[in-house]
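Colleague: All residue numbers for the sequence shown refer to the working numbering, where the first residue is 3 and numbers rise by one.
Treat the hints as calculated values from the structure; they're not laboratory data.
Fair warning: there could be bad hints in the mix.
[Unchecked claim] In silico lysine-lysine, DSS-like type, Cα no more than 30 angstroms apart, as pairs: (1) Lys367 x Lys380; (2) Lys303 x Lys93; (3) Lys393 x Lys93; (4) Lys303 x Lys143; (5) Lys380 x Lys163; (6) Lys380 x Lys143; (7) Lys132 x Lys376; (8) Lys163 x Lys393; (9) Lys93 x Lys143; (10) Lys303 x Lys163; (11) Lys175 x Lys163; (12) Lys259 x Lys388; (13) Lys163 x Lys367; (14) Lys143 x Lys388; (15) Lys388 x Lys93; (16) Lys380 x Lys93; (17) Lys380 x Lys132; (18) Lys175 x Lys143; (19) Lys367 x Lys119; (20) Lys132 x Lys143; (21) Lys119 x Lys30; (22) Lys367 x Lys303; (23) Lys132 x Lys303; (24) Lys30 x Lys93; (25) Lys163 x Lys259; (26) Lys376 x Lys259; (27) Lys380 x Lys393; (28) Lys132 x Lys119; (29) Lys143 x Lys376; (30) Lys119 x Lys393; (31) Lys393 x Lys376; (32) Lys28 x Lys175; (33) Lys376 x Lys388; (34) Lys28 x Lys119.
[Unchecked claim] Taking CB as the label site, the calculated pair distances span: (35) Glu79 x Ala160: 40 to 50 angstroms; (36) Arg75 x Glu352: 51 to 61 angstroms; (37) Ile269 x Ala109: 31 to 41 angstroms.
Ideal placement from N, C-alpha and C gives every residue a C-beta, glycine not left out.
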Amino acid sequence: MVNMGEIFAHDRICGIPMDRVPLTEKEKEVNLLNIGDLLFARQSLVLEGAGKCSIFLGDDEDVCFESHIIRCRLDAELCDPRYYFYLFQCKLGRDLIWTITEQGAGASGIRGSDLAKLELPRPNIGIQRKIADTLDFFSDKIALNQQMNETLEGIARAIFKDWFVDFGPVRAKERGEHPIGPDGEPMSDDLLALFPDRLNPDTGLPEGWAEQPFSDFVDLRRETVQPGAVEAHDPYIGLEHMPRQSIALHEWEGADKVTSNKSRFYIGDILFGKLRPYFHKVGRAVVDGICSTDIMVFAPKAEQYAEFSLICASNADFVTHANQASTGTRMPRANWQNVSEFQITCGSEELVNAYSNLTTGTITKIAANIAENKTLAKLRDTLLPKLMSGKVSVDEIREIA
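Build the full structure now, drawing on both the sequences and the hints.
Modeller: Structure below.
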């Protein structure tokens, strides 16, 4: 089921993880989505979110939507839904939504009846398709890079789990087997030598290994920035910009609206969302900037700790520890004292270095993909209103390409 969380997290909804709900056959007749359905947020706690539009592009299973979402199904003979999806992403479409947005106590929203009455531009269906195809080129490339980042993160996370959580190489040696390395080939002798050949029966840890606190690897950056010291173009990251369960921090905005103290961060720092830590918002900064004080900034103590600390802090066990130690009932917050005491089993400095050497290219590629997506999104968003208004034709774009 598509809920409000999916609407605000995804512009294009296609094969994403979602909650599952039972539906009767009668409910399926009216609640299932078709490819090309436009989905609008009926309400939002922030004014800018009211009427936010996403497009459903399909799934392997039947998908429905919750009642806080307005579904719009266009006449396929007259309209390409992709064109109107892009229309509502640009200023022209957002201004139209603004005309029907109602502000209430604590929330803003739109009505389906008002949405149905909106007068929209309707160029020839052929023109609509050409514009949508052109903009899809950028969106598809962005989506491909995002999928690549998920795969790269999965690789770094799998190695971390095998070495430092499951002790896979140690267990293999204990069985008299030659461990397989991350490349699928037998592990090199130099790397193999960094792992003991058995587990300690008393501790359950590899022989000779001990636990260390997280604070051995990172410091808490405590650099406060006052509003008067902020430049409008400084990147600002709030909790709303941080994706769940992803280390790829690809979203930020300018700091021109900042009116309170913030925290400074630098490229390579680890940002950890401490408000409601169970949301699992942890990632690596790819720019210098400022962030909400509801985000803790971890600075690796040494360059070779960067990748190890990042994957550790974004690991489910670490987030669970932070959540269990959080204080506050309605708005629980994690704190540095508790997360700094999280125990890590890493074996040796040499093994941590080996892990970082192995994964640094992976993390660097994730950052490069984020940068490329920023460029693609900027170009797409620059072209979007010009294509919609007719100031630039699709043929002109193709000539440039």
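Colleague: Could you grab the alpha-carbon distance between Lys303 and Lys93 and see if it respects the 30 angstroms cut-off?
Modeller: violated (44 angstroms)
Colleague: Could you grab the alpha-carbon distance between Lys380 and Lys393 and see if it respects the 30 angstroms cut-off?
Modeller: holds (17 angstroms)
Colleague: Between Lys380 and Lys143, does the CA-CA distance stay at or below 30 angstroms?
Modeller: Within the cut-off at roughly 13 angstroms; holds.
Colleague: Taken at face value, is the distance from the CA of Lys119 to the CA of Lys28 at most 30 angstroms?
Modeller: holds (28 angstroms)
Colleague: Take a quick look at whether Lys175 and Lys143 sit within 30 angstroms of each other, Cα to Cα.
Modeller: At roughly 43 angstroms apart (the allowed maximum being 30 angstroms), Lys143 and Lys175 break the hint.
Colleague: With a cut-off of 30 angstroms on the C-alpha distance, tell me whether Lys303 and Lys163 pass.
Modeller: holds (22 angstroms)
Colleague: Does Lys259 sit within 30 angstroms of Lys163, going by the straight-line distance between their CA atoms?
Modeller: It is violated: about 40 angstroms lies between the C-alpha atoms, which goes past 30 angstroms.
Colleague: Next pair to validate is Lys175 with Lys163; report whether the Cα-Cα distance is within 30 angstroms.
Modeller: With Cα atoms ~17 angstroms apart, Lys175 and Lys163 stay inside 30 angstroms; holds.
Colleague: Between the alpha carbons of Lys163 and Lys393, is the straight-line distance 30 angstroms or under?
Modeller: violated (53 angstroms)
Colleague: Quickly compare the C-alpha distance for Lys376 and Lys388 to 30 angstroms and report which way the hint goes.
Modeller: Satisfied, since the Cα-Cα distance of roughly 19 angstroms is no more than 30 angstroms.
Colleague: Check the following: the C-beta atoms of Ile269 and Ala109 are separated by a distance inside 31 to 41 angstroms.
Modeller: 37 angstroms Cβ-Cβ, so the 31 to 41 angstroms window holds.
Colleague: Hey, Lys143 versus Lys388, does the alpha-carbon distance stay inside 30 angstroms?
Modeller: With Cα atoms ~20 angstroms apart, Lys143 and Lys388 stay inside 30 angstroms; holds.
Going through the hint list in order, the structure does not satisfy hints 2, 4, 5, 8, 18, 19, 23, 24, 25 and 32.
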